[in-house]
Structure formats: C-alpha cells, structure tokens
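Once you've looked at the hints, dock chains B and C against the given chain A.
Here is what each chain is made of, one letter per residue.
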Amino acid sequence: MAETTVIPFGPQHPVLPEPVHIDLEMQDEKVLRAIPSIGYVHRGLEKLVEKRDYQKFVYVAERICGICSFGHGWGYCRAVEGAMHIDVPPRAKYLRTIWHELSRIHSHLLWLGLMADAMGFENLFMSSWRMREKILDIFEETTGGRIIFSVCKIGGVRRDMEKGTLNSIVDRLTDMEAELRVITDEFLKEPTVIRRMSGVGVLSREDAIELCCVGPVARASGVVGDMRLIDTEGAYQDLSFEPCVATEGDCLARCKVRIAELFQSIGLIRQAVEKVPDGEIAALVRGNPKEEFFTRIEQPRGEAIYYVKGNGTKFLDRMRVRTPTNANIPALVRALQGCDYADVPMLVVTIDPCISCTER
Amino acid sequence: MKQEYTEIESPALLDNVKEMKEDGYRLVQICCTRVPDGYELTYSFDKEYNFCHLRLTVPESGWVMSITSLYWSAFIYENEMHDLFGLDVRHIANDVDYKGTFYRLSEKAPWHTPPKKPAPPVRPQAKQPPVSKAAPAGEAVKTTAKAEEGAKEHG
Amino acid sequence: MKSFEKKSPWILHYDATSCNGCDIEVLASLTPRYDIERFGMVNTGNPKHADVFLITGSVNAQSLPVVRRLYSQMLEPKVVVAVGICANSGGVFRDCYNVLGGVDKAIPVDVYVPGCAARPESIIDGVERALDILEKKAKMLHDGRLQELQEMDKLPPMPDFSAKKEAVV
Chain A
4 MAETTVIPFG PQHPVLPEPV HIDLEMQDEK VLRAIPSIGY VHRGLEKLVE
54 KRDYQKFVYV AERICGICSF GHGWGYCRAV EGAMHIDVPP RAKYLRTIWH
104 ELSRIHSHLL WLGLMADAMG FENLFMSSWR MREKILDIFE ETTGGRIIFS
154 VCKIGGVRRD MEKGTLNSIV DRLTDMEAEL RVITDEFLKE PTVIRRMSGV
204 GVLSREDAIE LCCVGPVARA SGVVGDMRLI DTEGAYQDLS FEPCVATEGD
254 CLARCKVRIA ELFQSIGLIR QAVEKVPDGE IAALVRGNPK EEFFTRIEQP
304 RGEAIYYVKG NGTKFLDRMR VRTPTNANIP ALVRALQGCD YADVPMLVVT
354 IDPCISCTER
Chain B
19 MKQEYTEIES PALLDNVKEM KEDGYRLVQI CCTRVPDGYE LTYSFDKEYN
69 FCHLRLTVPE SGWVMSITSL YWSAFIYENE MHDLFGLDVR HIANDVDYKG
119 TFYRLSEKAP WHTPPKKPAP PVRPQAKQPP VSKAAPAGEA VKTTAKAEEG
169 AKEHG
Chain C
798 MKSFEKKSPW ILHYDATSCN GCDIEVLASL TPRYDIERFG MVNTGNPKHA
848 DVFLITGSVN AQSLPVVRRL YSQMLEPKVV VAVGICANSG GVFRDCYNVL
898 GGVDKAIPVD VYVPGCAARP ESIIDGVERA LDILEKKAKM LHDGRLQELQ
948 EMDKLPPMPD FSAKKEAVV
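Residue numbers (my numbering), protein chains in the order written: chain A, 4 to 363; chain B, 19 to 173; chain C, 798 to 966.
Just chain A, same shape as in the assembly (with noise of 0.2 Å):
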C-alpha cells in the first residue's frame, strides 16, 4: 500500500489571491484529508471598537474585505441601528439595496474571473473583468471610490443617487446584461468545463446541513436559505424573487447558481429603481448604544451575521462579524476529501473563500 504524502498548498499561490494554507495528505494523486491554517490576515480589527468610536468605526469595518466591503459597511451600520433603535428612511434602505447588489454583481464576476483562471481558461477572467469594469465604473460615478466606498453611515447613507443616474445605471446593466449571457452560456456549454467541474467536489445535501454551509455552497446542494427574503433593512421585502438553487452540489452547480444570481441581481435593481420613494437619506442619530443586537445579511458569499453590544458610552464593548466564509471552510475540508491534485485550485474557488473576511 502507497505511503501518504503531506503536500502543503498555500500560502503563495498563483491562483490564489488570498493567502491560506492547507496541507494535503495525499495517497498517490488523490487527497485524503485537508488541514486548512489559517491565520494570515487576522488583524484583530474587533478590538479595535475599544479606541475608534462607534461612528468612526464603519470605515474599519468597511475594511474588513475589500470585495465584499459594502455588505460589511451595511451590516455594521444594521446592527448599530438595531440597537440603538434608528428608523432608517425608505429611501436610504433602497439606495444601500441598490449599492448592495451591484456590490454582488460585482463580486460574482470577480469570481467568475478568478474561477476562469483558476481553470486554464484566461479569456474568460480578462472578458469578466473588462466587465466588471464597468460596475466600478458606476461606483465611481455614485459614490467616489471604486473598491471601498464609504457611503453608508449609521443612520442611513452618505450621498443620494438622482433618479437620472439610476436610470443609466439600469441602462448599463441593461447593456451589460446581453453580453454576459453570451459569456456564461459559453462557459456553460463548453464540454472541457463540464468534464472538469462535473461529478467534482461533491457536497451532498445531508452533508451541507449537517456542516452548517451558506449561501450559494448550500443552494447548489439543494438547501435553500436566502437571508433577503426575510430582510426587513432593505427593500428586499418590496421586491420579487426567487432563490437560485441547484441539486447536483457539484462544482458545476455552485457555477451556476453564481451565474443565475448575476442575472437575477440585474433584475433586482430594474425593480428597484422603478420603485425607490423619494425622501430623506440619512436620519438624525443622537447619543450612544447602550444595548446589543444582532443582524442578518446575504452578502455575495453567503449569510453573515454582525454582533453589537454597546455600553452607553461612545466605545463598543464588543462588535463581532461571522462571515459566510468562516461557515464554509467545514464545507470546503468535506469538499476536497478524494478529489484529484489537479483539482484543487478550482474546488478551492468554487467554494469561493474570502480569507480576509473568515479572519478579520
């Protein structure tokens, strides 16, 4: 019988744009067992509510992950206001569910490239880019800053969107829409991609509810949970929508149900900005949180949750963020057992992880 051999992947890797290390007890090319180590980009930015009061905190909190920034900017700003019992204006709650989902679109693409490249299959990561492009274009355009924004504050947003820029937001997509339907049926269809992500990285649904995944990992496996359909702090409850979800819980299947929401996201939006009221963007906040509260978000990875205790003065006793990658990574050690050397890179990133969000 073959001797193991512990293979250690990470923490530079081409393919990887964060670091993480996992070793790989292999038997010849198959994976046994995988370790992840993490621990490479924990900053230890919660203690940080202890010296940077509660207002000022948004900005370190919009920090925690460059790519999922505005969902982390929103879901701090959520639990401040839950417990300090601040109704944000209707239209506040619709222009951060319009900066949200474009933040998801934009993520989505940005995963897409990193799942072309991780794949061999470099035209696609330049063609999803170039697109993505155009989406921070729009966030340029709408709030300054391309990758971190901070337009969300507590109390509701910093700067308004008119109802002309709204529209040629729609228009854009619009465009954009046409375009990447051509893109994604091609890398549907193709059948080297089919070959490869098919029948691969297998997470049963049993195995998805009994490791507690999120977001699209436990939609493609079948189980369905979308915290925006029970969203009351965005316009979520305004809009009609359905989850995407998949049964195969394959890498294929979590391909899809990434590409099913880019284009359902599209449509959000549309529906969004044909209802946005008119109104106050931010409201008045006055004195310091004296309770805790917890919030709820479906950010691009998956549900997060967002913890505040306060103490009455203006520093927080305790905030804390559980990010949907820090509930994955259970998924992602079940994932890899059996699977090919080969196939690592690309199950790593069908998982999608954001390291910089599971540390902190």
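By construction, these hints were calculated from the structure, which means they are not laboratory data.
One should not assume that every hint holds.
Said to hold, decoys possible - Okay, derived cross-link-like pairs now, DSSO-like style, lysine-lysine, Cα gap no bigger than 30 Å in a straight line: (1) C:K902 with B:K126; (2) A:K293 with B:K65; (3) A:K54 with C:K845; (4) A:K33 with B:K126; (5) A:K293 with A:K317; (6) B:K126 with A:K54; (7) A:K317 with A:K156; (8) C:K951 with C:K936; (9) A:K59 with B:K126; (10) B:K126 with A:K259; (11) C:K845 with A:K59; (12) B:K39 with B:K117; (13) A:K137 with A:K156; (14) A:K317 with B:K126; (15) A:K33 with C:K902; (16) A:K317 with A:K54.
Only chains B and C this time, still in chain A's reference frame:
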C-alpha cells in the same frame, strides 16, 4: 425588534444543544465577549429563518465543553475562542483540535484582558480672574515707562 | 540582456494581511482596461523568476516570515513596491495588536504607492518608477558590484511585536 437570549448553565450546555440539533436547528455562530468577571458565550441557531440564542456565562478560571460532538463545524469558533480569549474549551474533536495553533499571534490570548473603560472627559477648569494686589509706586512707573518705550519702537 | 530587465519585468504579487482591496486592483491592472502586459509585465508565482515584488497589506505575525522568505528567495536585481496605505504604514489597522504596520519594517522597500484601495493607475505608475530603480541596480550588477547590491538589499533585523504591545493601549 426585541431579541431573546435563553440563559443556560454550563453543565446543561450539551443537553440544550442536543435538543437544538434534534429539532433540526443549524448552528449559526458562537460569540465570546469578555465581561469583567469572565466570559459571556452566545450560541446562535437558526431553523427556517427563526433565529434564537443560548447564553452562557463562564467564570474566568472556568472551562466550557466543546460541542463538536454534535456540530462538527463548531471547531472554527471554539479554536478561535481558545486562541484569542484564552478560554479553556475541552474535548474538541481530535481531528480538528488545533491546540492553540489556529491563530499564531505575536502575543497569546490578546482578548484575555478585559477592555479598559475610557476615562470620563475632563472639563478644562475655568480660568480664575487674577487677584489684584496693591503694587509699589516705583514698579508701576517702570511698567509704564516700558510700555512707552515699546510704543515708541513700534511707532 | 540589459534591456530585457527593464522591458520585461516579471512581477511577484503577495498579499500579506491585506483586505484584498489592493490585491484586486493589482489583478485589475492585468485586465484589458489597464493592461500592464503591454509593458511586458507578467505575473509569476515563482520568486526565483520575479524582478518586482508587489506587496499589499499590513504585515502580521504569521505572514512576517513568509514575506521575508519570499524576498530572500528573489535574485538580484530586485525591487519592492509597497502597494496601499496598509503596506506603507499600517493604514486604519495600525493600532491592531497583530499588525506590524508597514512592510518596510520587514523588508527594504523601494517604492511606496498610497491609496486605500490604490488605483490601478497609481500601481502602474509605482511599478514604472520601480523599473527605473531596477535599471540602476541591474547596472550595478553588470558592473560587478554584486556585494554592494546585496548589502543595499539586505534584510533589516527581525522586527519585534512586543514594542507594539506597549504602544497599543
């Protein structure tokens, strides 16, 4: 929206979590907060969007039982609590017990010390008006002469 | 050979405790809109092949030895570009307990590119300036001044996080 936290005692943790698992709840997260006399742990669960929490307070020298025997994915949160807070979490499943190496930090358990309360703001004291005392005549003349000189210089 | 080093520098990119903002802008520089490949730059994963070390992120205790190891594996002439305010000085995280604050405490840095996240235009500008420095270092190498070059590029002493602990309240 009022959020409910069910207070439980440490010995009853596993029984309560087992009930949650049998009812079909998903473990969402475990949060540890440093409080002056120990640690406050919040275990959050979800079933069909129903979000509920179990709350447990552990004294500083106390320990808590791992729930990896029921929810294997809890190892992420339990290893983190041990490394960042120095909390003694016992009986984590063998294949996922990192024994303090989950986060390799420059100092051990940086959250172990409770946060310092910020000092209350100090109001600057109002300036007292200068106490006037009768100055000798000679000095007053000198002062006046100097002022005159200064006035001449500046012209 | 002399012209190839400036005309086709290979880049090694490492994320040392970054939030990913600057990393995705570095990757965006490779994409068709900004396209640094027209300058002959190629992103490589092998430190022995690389001339330019693009480093993002404030360095933490765990990534510190990795950064120093990657730097020492690169061969002369080499330049280091610290991308983003976190790599320059620690950024918003400079008061965190696990953050060194500034890559220049770990390895010698030649060019600092500010921004949070640094824009692709700034990154390309930073790399262009680094190439001028690379050309001077390459000239030193060809003039037989390898030891002087190695002295210039040698690693600073291993930084100590305990000094950080006293400063952080």
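Evaluation of the provided hints:
1. C:K902 with B:K126: 22 Å, holds
2. A:K293 with B:K65: With Cα atoms ~29 Å apart, K293 of chain A and K65 of chain B stay inside 30 Å; holds.
3. A:K54 with C:K845: Distance ~42 Å between K54 of chain A and K845 of chain C Cα, so the pair is violated.
4. A:K33 with B:K126: Status violated; Cα separation ~37 Å.
5. A:K293 with A:K317: 9 Å, holds
6. B:K126 with A:K54: 20 Å, holds
7. A:K317 with A:K156: Distance of about 15 Å is within 30 Å: holds.
8. C:K951 with C:K936: 18 Å, holds
9. A:K59 with B:K126: Cα-Cα ~28 Å, so holds.
10. B:K126 with A:K259: 43 Å, violated
11. C:K845 with A:K59: 43 Å, violated
12. B:K39 with B:K117: 26 Å, holds
13. A:K137 with A:K156: 25 Å, holds
14. A:K317 with B:K126: 28 Å, holds
15. A:K33 with C:K902: Since the Cα atoms of K33 of chain A and K902 of chain C sit roughly 41 Å apart, the hinted pair is violated (cutoff 30 Å).
16. A:K317 with A:K54: Between K317 of chain A and K54 of chain A the Cα gap is close to 10 Å, so the pair holds against 30 Å.
Checked against the numbered hints above, the structure breaks hints 3, 4, 10, 11, 15 and satisfies the rest.
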